[in-house]
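Q: Going by the numbering used here, the sequence shown opens with residue 1, and the numbers climb by one from there.
Just so you know, not all the hints are guaranteed correct.
What the hints assert, rightly or not - Derived pair list, reagent style BS3-like, types lysine-lysine, alpha-carbon separation capped at 27 Å:
{"#": "1", "residue 1": "Lys245", "residue 2": "Lys415"}
{"#": "2", "residue 1": "Lys197", "residue 2": "Lys415"}
{"#": "3", "residue 1": "Lys113", "residue 2": "Lys197"}
{"#": "4", "residue 1": "Lys176", "residue 2": "Lys197"}
{"#": "5", "residue 1": "Lys248", "residue 2": "Lys219"}
{"#": "6", "residue 1": "Lys124", "residue 2": "Lys197"}
{"#": "7", "residue 1": "Lys176", "residue 2": "Lys219"}
{"#": "8", "residue 1": "Lys138", "residue 2": "Lys124"}
{"#": "9", "residue 1": "Lys245", "residue 2": "Lys313"}
{"#": "10", "residue 1": "Lys113", "residue 2": "Lys138"}
{"#": "11", "residue 1": "Lys327", "residue 2": "Lys360"}
{"#": "12", "residue 1": "Lys197", "residue 2": "Lys313"}
{"#": "13", "residue 1": "Lys347", "residue 2": "Lys241"}
No wet-lab data here; the hints were simulated from the structure.
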Amino acid sequence: MKAKIATIQRMRSVAVKSLLNPSPHSSFAVALAATALFATSLALAQATTPPPATETPTATPPTTTDPPTAPTPPPVFDVPLAVNGARVYVIVDRFSEFGGTVVSQTPLELVLKEPSGRMRTILKARIFEVVPLLDEPKRTRVEVEFRDGRRQVGLLLDDGFESLTIEIGGISTTYKRELIMRTLAIPTDEELYQRAKESIEPDQYSARLSLCSWLYERKMYEECHAELLSLLEATDNFEAKQLLKEVKAQLVVIANAAARLDDDDATSEDDAETPESKGPRDRAAEQLKGRILTADEVNLIRVYEMDLEHPPKVEVDDSLIRTIFEKYATDALVPSSSEARAAWFTKEPIEVVKLLFALKARELYPRIDVQTEPSSLNVFRTKIHNAWLINNCATSRCHGGVDAGRFILHTRDWKSVRVRYTNLLVLERTTLDGRPLIDFDEPSMSLLYQMALPRTEARLPHPTVRGWEPVFTPGRRALAEDFLLWARDMRMPRPVYPIEYEPPRLRETKAVGSGGNDR
């Protein structure tokens, strides 16, 4: 008996070691044999265990029947997969996927309305992924993630149930929905800057310096300059001082490129010579001193370009509210009771502006004080005018000097808001051979856009001019996307500013204003 027990113990030891520490080269058969060996040892142990010497009778327990095991309930989704009313694309498995609008949902099911009108109910437990479709404004910058891992950045045209259409470098491209994993809206650099600025505390000097470096990398030199000056007022940081030197150098380069004029063509404002005594090029240079918009005209343009969903900072005087009550007393939009009228003097200024727009009281628009730039005009400043228009198109030998031809931009004091808005008006009101410089209905066909492309890519290439180089080169495609996005973001239909202005030119061109006022 003792020999059998020893044998059983040895068998158990070998079996346990085989199961817990299998060799990487052992086969499944070895593991199976170890399992059988272990089972055999248990059987032998039970067979060789002697019965107890005496047995004490015990009462037989009552027979109990276990209740049947309840089926495992399906998983419950307490968090909604999508909000009701949202457009989504549902991927069930590799064989089943479809799009629709979310009608309702429970913790177990999702109900969709397909484009055909058919209602479809899906168990959430069967769904692999629910992809939300974008309802962003057209020309929103997006990143497309393909199912093969590729990523593509472009301007959104349509995120539909059957396909996705984006614009890349002015070319519209459509992809089948089966190739797309998801589409994500990408914030602009300006939006990222504002978010970062709001999230950083004044005493977080390292974070503020990192923000300055980020601005410098994205060539947002004016914003970087302002942030560095603010940072150096609070702390004496060596890296910030070095970066400030580099930023100042970049700003000088930009300023020199924009303001550079040939000495032979430049004329002094204090020059006492009469126009008749000057040469042809001197008289041509005089023509470049066209009128610059006034501060009041700049403010009026801001009024017409305001986005009421994301308004700039505005101020209105109480006298303007009183004038509204006097001139539009009989209009249904204007309150008649004293209590209701008194309440208007405590409302936010933007509410007064909305009332003026609803009344179409255009004669009162000049009395609105717009203290910050509307978003579209801010994009024009940072992404177009200061980013490449002045550097590439407004030099003295291009469209900023006497050889400019029919399209001339102001370059002196180009950082001035008055000069910038003047150049905007030049771009909007100038046509060449019947084509607008900026086509807001079809931005990719704008002459300004086409003539900034390489000649081999442009439908309307820039004339052959010595020294001309394209702006929208393959390495600078972001500039082209910024232009298209800005043109689409401008208010449509285009308002006609009530400003009398004739763009500067040396030859005859047609200056027009398109669209009409809806305010």
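Q: Each hint: holds or not?
A: Going through the hints against the structure:
Restraint check for Lys245 and Lys415: satisfied, since their Cα atoms lie roughly 19 Å apart, inside the 27 Å limit. Distance hint between Lys197 and Lys415 is fulfilled; the C-alpha atoms sit about 23 Å from each other, no more than 27 Å. Simply put, Lys113 and Lys197 have alpha-carbon atoms about 42 Å apart, too far for the 27 Å limit, and the pair is violated. The suggested pairing of Lys176 with Lys197 is violated, with an alpha-carbon distance near 39 Å, which exceeds 27 Å.
Note on Lys248 and Lys219: the hinted pairing holds, with a Cα-Cα distance of about 12 Å set against a maximum of 27 Å. Taking the CA atoms of Lys124 and Lys197, the gap is near 41 Å; set against the 27 Å cutoff, the hint is violated. Our distance criterion of 27 Å between C-alpha atoms is broken by Lys176 and Lys219, whose separation comes to about 36 Å. Our distance criterion of 27 Å between C-alpha atoms is broken by Lys138 and Lys124, whose separation comes to about 32 Å.
Distance restraint check for Lys245 and Lys313: the Cα-Cα separation of roughly 32 Å exceeds the 27 Å cut-off, and the hinted pair is therefore not satisfied. At most 27 Å may separate the alpha-carbon atoms for a hinted pair to count; Lys113 and Lys138 meet this at roughly 24 Å. For the hint linking Lys327 to Lys360, the alpha-carbon distance of about 12 Å falls within 27 Å, and the restraint holds. With a C-alpha separation of about 18 Å, the suggested pair Lys197 and Lys313 falls inside the 27 Å cut-off, and the hint holds.
Taken as a hint, the Lys347 and Lys241 pair is broken in the structure, with Cα atoms around 45 Å apart against an allowance of 27 Å.
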